[in-house]
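Chain residues, written in single-letter form:
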Amino acid sequence: MFVYGLINSAVLALMALGFNLTFGISGIANFAYGAIYVVAGFITWAFINHLNLPYAVSAILTIIIIGIFGALVYKFIIKRIRGLVISEVIATFGISIILLELLRFIGLIGFKYSLPVFIDGSVEILGVYVDIQRLFIIGLGILVIISLYVFTHHTKTGLAFRGIAQEEHTSLSLGINPDRIASLSMGMGSALGAFAAIVILPLGTITVDSGYDVLINALSVCIVGGLGSTFGVIIASFIIGYTQTITAMYLAPHWTMIVSLFAILVILVIKPSGLLGHQKELEERV
Amino acid sequence: MKKSVVSLFIFLSFFLFTFSASAQQYITLGIPTSLKLIEGHEGQKAAQLAIEEINAKGGVKVGNEKMLFKLEALDIRDGEPGVPVSEALLGIEKLILDKKIYAAVVGNFRSEALLAAMDIYSKYKVINIGTIAMTPKFQEKILSDKEKYKYSFRGALDSKYASGYVQSSMKFLNKEFGYNKVYIATQDVLWANAIGSLMEKWFKDNGWTVAAFDKYPVGATDFSAGLMKAKSAGVQVIMAIFDMPTSGILVKQWKSMKVPALLTGFISPLTGSKAWKTFGQDIEGVLESVWEIGYFPIKAYPPSVKFSAAYVKRWKEDIQSGHGAAPAYDTVYILANAIEKAGTLDSEKVVKAIEETDMAGVVGRIKFDNGHQLIFGDDPKQTACGGVFQWRKGKMLLVWPESIASDKIQKPAWMK
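Line by line, the protein sequences are chains A and B.
Quick note on the numbering used here: the first sequence kicks off at 1 and runs consecutively.
Quick note on the numbering used here: the second sequence kicks off at 287 and runs consecutively.
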């Protein structure tokens, strides 16, 4: 249970990082995030199976395409309603429904829609067999977190990200273009969603409905951790991840999704800003 | 003058075209089901094949005239997660009112939707022979008001018969290999839960230990917690009942977690020939139930050989679903025979003729019981028939029932 709880936590963290990045920088709650995750899975699948591209090339191309798509969504849709929170949520959720229902309409349902694992096989850890793909999830999750830290602390664009996250108007006076940064954050957040999909989806199949599950999971992790707080996301992933595993193990598997929703309710009642949301410090927000 | 001649020509062409089109009388059959799911999709193709065969012979004799069959399919999506029953019902009503269907075949995917749809069929007096939804509550509802629900039939097996087939393989495993500890995993829907509950009781009554009985929501993609439970309890058998595409993940995880227990039951991604291509050696030794025979050739029952060959010839691929397709083919013939026997399209008389059906189908001999359920047994010459096959070296070897089995259950080499 310890091992699988850890893996489940890593899966949740990886799922939520992209959503959290976009919100932390630009304040946009990208409700199309789950749909983007699923679309990324199908694009990679199509590259591999229809264009016969190598897995690595398909994955890189997908991440780039999805990143550009996210930035374009900002440029052509979100930019016009920026700051109107409800409108942003409605617009992104609308995009989500369009994408997912379009995939459903095309008929992308079946076990054949699955991505290959990076390396086949499993290893024994603490008496439990774990497939190597799950170890990749943990490793790549850690790598993404470190990369994000380095990016936001040691690159010019990353510093601009933090500037916008801290105080948009002051950043503007220093020559940082908030629209450009917000567009980049949407693109990067979406690309991270695509990355998560490529790493996580080989464990199962690509299903249209998982778009909604991913959104709920990402949302619950971010709300519990504190929207915009990377460290909060990590802590919340562990709390929700282990609770889900314990629930599935000792109660019943069909209660696991309720854990995420229940966690949102509890945190909104007890501490609406999330576990680490109250600090809103510069480092915390990115 | 030239304009008038052209106008007259167009008018006459239109008139002749319309007249010739309306001169042909059709009996429209509706297929309201989840067309994107394999059982629905292949059910539609099997029904289409039967219609083409019947039409090629001139159609159905109704009294003194011959009429052709026509198909109207609608994706009501009731098998997909999150789709409300009300949406499925709207689709059925649309087929009845807009497309004027005479009868419906294949039908609802989810039992929850089927039970609600029976009232609609009853309201419009539309005959329906379903081949997918499996709840035993179907017969209960018919018997609760036979006159009202007489238009509904089921041409496939139900959960009670299905659990009987699973029991047969469990009896064998217990007798031959001494297995007596099981983990039950089902999809959280009426038909699968019914099989799970019936099997749980059967296991307990027959001296087995049930380590746990877990129900997974439709669309579930992680089975690791349940598999851990099974492994730590030391079960020898995992009995899984799933018809959702994501249930193939259970197989992946079962193998990667090296759970030393035999996988049995019904997992829809494992029922067709393509499963070996997808999973390869991972499914060696897996025991898979076939809800209705006929979808792959069984030498001992020639109609199945003929049907599967005709299907492959028509659609250039073999059937992958172990439920729904073969009976969908039969239901079109059941309807055709009943209409010819009744000599009319009057629903009341055709219902009566269907109740008296006694014919050889690809799923076995076709007869309905008092609750309008197709009768199943273990010899296709006597009743409709399901079975159990075992995956061995890429082949689907039928191991039960004995009347048509080509092999015996073998303990997989990797099991201790």
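Hints may be right or wrong, so weigh each one.
Unchecked claim - Under 8 Å between C-beta atoms, here's a sample of chain B residues computed to sit facing chain A:
| id | residue |
| --- | --- |
| 1 | Ser372 |
| 2 | Lys385 |
| 3 | Ser408 |
| 4 | Asp500 |
| 5 | Tyr502 |
| 6 | Ser510 |
| 7 | Pro546 |
To be verified - Computed cross-link-like contacts, BS3-like style, restricted to lysine-lysine with a CA-CA straight-line distance of at most 25 Å:
| id | chain 1 | residue 1 | chain 2 | residue 2 |
| --- | --- | --- | --- | --- |
| 8 | B | Lys436 | B | Lys446 |
| 9 | A | Lys112 | B | Lys697 |
| 10 | B | Lys681 | B | Lys585 |
| 11 | B | Lys490 | B | Lys697 |
| 12 | A | Lys112 | B | Lys544 |
| 13 | A | Lys112 | B | Lys679 |
| 14 | B | Lys436 | A | Lys112 |
| 15 | B | Lys446 | A | Lys112 |
| 16 | B | Lys461 | B | Lys694 |
| 17 | A | Lys112 | B | Lys592 |
| 18 | B | Lys331 | B | Lys653 |
Calculated directly from the structure, the hints in this document are not laboratory data.
Even glycine gets a Cβ: it sits at the ideal position worked out from N, Cα and C.
Hints, verified against the model:
Using the Cβ-Cβ criterion of 8 Å, the hint placing serine 372 of chain B at the interface with chain A is not satisfied: the shortest such distance is roughly 17 Å. Because the smallest distance between the Cβ of lysine 385 of chain B and any Cβ of chain A comes to about 20 Å, over 8 Å, the interface hint for this residue is violated. The restraint placing serine 408 of chain B at the interface with chain A is violated, with a minimum CB-CB distance near 31 Å, outside the 8 Å limit. The beta carbon of aspartate 500 of chain B is positioned within 8 Å of a beta carbon in chain A (closest approach about 5 Å), and the interface hint is therefore held.
Proximity of tyrosine 502 of chain B to chain A holds as hinted, the smallest CB-CB distance being about 5 Å (cut-off 8 Å). This hint holds: serine 510 of chain B has a C-beta 5 Å from the nearest C-beta of chain A, less than the 8 Å allowed. Annotation: proline 546 of chain B was flagged as interfacial toward chain A, and the flag is violated, the nearest CB pair being 10 Å apart, outside 8 Å. Simply put, lysine 436 of chain B and lysine 446 of chain B have alpha-carbon atoms about 21 Å apart, close enough for the 25 Å limit, and the pair holds.
Distance restraint check for lysine 112 of chain A and lysine 697 of chain B: the Cα-Cα separation of roughly 29 Å exceeds the 25 Å cut-off, and the hinted pair is therefore not satisfied. The straight-line distance between the Cα atoms of lysine 681 of chain B and lysine 585 of chain B is roughly 14 Å, inside the 25 Å bound, and the hint therefore holds. For the hint linking lysine 490 of chain B to lysine 697 of chain B, the alpha-carbon distance of about 23 Å falls within 25 Å, and the restraint holds. With a CA separation close to 23 Å, the supplied pair lysine 112 of chain A and lysine 544 of chain B stays within the 25 Å bound.
With a CA separation close to 21 Å, the supplied pair lysine 112 of chain A and lysine 679 of chain B stays within the 25 Å bound. Distance check on the hinted pair: lysine 436 of chain B and lysine 112 of chain A sit about 40 Å apart at the alpha-carbon level, beyond 25 Å; violated. Pair hint lysine 446 of chain B plus lysine 112 of chain A does not hold up; C-alpha atoms about 30 Å apart against a cutoff of 25 Å. Distance check on the hinted pair: lysine 461 of chain B and lysine 694 of chain B sit about 13 Å apart at the alpha-carbon level, within 25 Å; holds.
Taking the CA atoms of lysine 112 of chain A and lysine 592 of chain B, the gap is about 28 Å. The hint is violated against a cut of 25 Å. Taking the CA atoms of lysine 331 of chain B and lysine 653 of chain B, the gap is about 23 Å. The hint holds against a cut of 25 Å.
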